[in-house]
Amino acid sequence: KQEVTQIPAALSVPEGENLVLNCSFTDSAIYNLQWFRQDPGKGLTSLLLIQSSQREQTSGRLNASLDKSSGRSTLYIAASQPGDSATYLCAVKRGETSGSRLTFGEGTQLTVNP
Amino acid sequence: KAGVTQTPRYLIKTRGQQVTLSCSPISGHRSVSWYQQTPGQGLQFLFEYFSETQRNKGNFPGRFSGRQFSNSRSEMNVSTLELGDSALYLCASSSWTGVQETQYFGPGTRLLVL
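Quick note, the sequences are listed as chains A and B, same order.
Just so we're aligned: the first sequence equals residues 1 to 114 in the numbering used here.
Just so we're aligned: the second sequence equals residues 115 to 228 in the numbering used here.
In short, the hints are calculated from the structure, not lab data.
Since the model is a prediction, treat every value here as computed from it, not as a measurement.
Fair warning: there could be bad hints in the mix.
What the hints assert, rightly or not - Think about it this way: if two alpha-carbon atoms lie no more than 25 Å apart in a straight line, the pair counts; the simulated SDA-like pairs of lysine to any residue are:
#: 1; chain 1: A; residue 1: 42; chain 2: B; residue 2: 117
#: 2; chain 1: A; residue 1: 68; chain 2: B; residue 2: 218
#: 3; chain 1: B; residue 1: 127; chain 2: B; residue 2: 197
#: 4; chain 1: A; residue 1: 42; chain 2: B; residue 2: 156
#: 5; chain 1: A; residue 1: 42; chain 2: A; residue 2: 68
Claimed, not checked - Just so you have them, the derived chain A footprint on chain B, three or more residues with Cβ under 8 Å:
#: 6; region: 159-171
#: 7; region: 186-196
As the list claims (entries may be wrong) - Residues of chain B placed beyond 12 Å of chain A at every Cβ, according to the derived structure:
#: 8; residue: 117
#: 9; residue: 123
#: 10; residue: 125
#: 11; residue: 147
#: 12; residue: 151
#: 13; residue: 177
#: 14; residue: 204
Glycine included, C-beta positions come from ideal geometry on N, C-alpha and C.
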């Protein structure tokens with residue numbers, strides 16, 4: 001059974017700092033890994049998707065890496081801003097034939113202080 | 115393109131009642147997945163529908179059911195509500211491009227069971 005863990009559970013940083021969020025998964029047989037952002041009481045917004053054959057993806061100040069063999073992914077946020085404050089979730093999809101089912105981590109709650 | 119919409123956004127029910135939640139996917143998306151989010155359990159997969167057929171099912175009791183219509187709109191039903199069913203219910207739609215699949219989430223329906 002796939003288990004996804006995110007460390008740390010919560011993180012508070014001053015504005016402008018670069019930071020790294022971690023995600024680990026127990027079964028390396030994944031099809032892709034997706035990072036989401038969730039604002040309080042809201043739905044999820046997809047940030048980055050990494051296919052199992054890829055090593056990293058970048059979008060603006062965000063960079064996500066994937067090391068499938070070790071079961072790890074990191075989300076790097078450069079020059080953090082107060083607007084980045086949210087919960088960040090990683091999710092893995094098991095296989096191409098497993099439908100759209102995602103297994104989520106518990107999330108990292110990020111607070112960026114002005 | 116309009117995003118994923120969910121109705122109603124908020125709902126208050128009492129124990130023993132039943133409830134029906136609705137999800138309209140992004141136009142052209144044929145897959146709809148449902149998730150339950152609670153503070154204790156995080157995001158848990160309920161089920162997925164593709165072309166009106168249930169393709170995947172999570173570990174939830176039979177009180178939780180769903181269906182999908184020919185226009186890809188989906189409903190989920192919870193019968194005999196329990197206090198523990200209080201949660202944010204999220205639906206996601208996705209479309210396979212032949213290269214990758216990204217899931218898009220709706221804003222959720224917050225259900226409170228008293």
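Which hints, by number, does the structure contradict? 5, 7, 8, 9, 11, 12, 14
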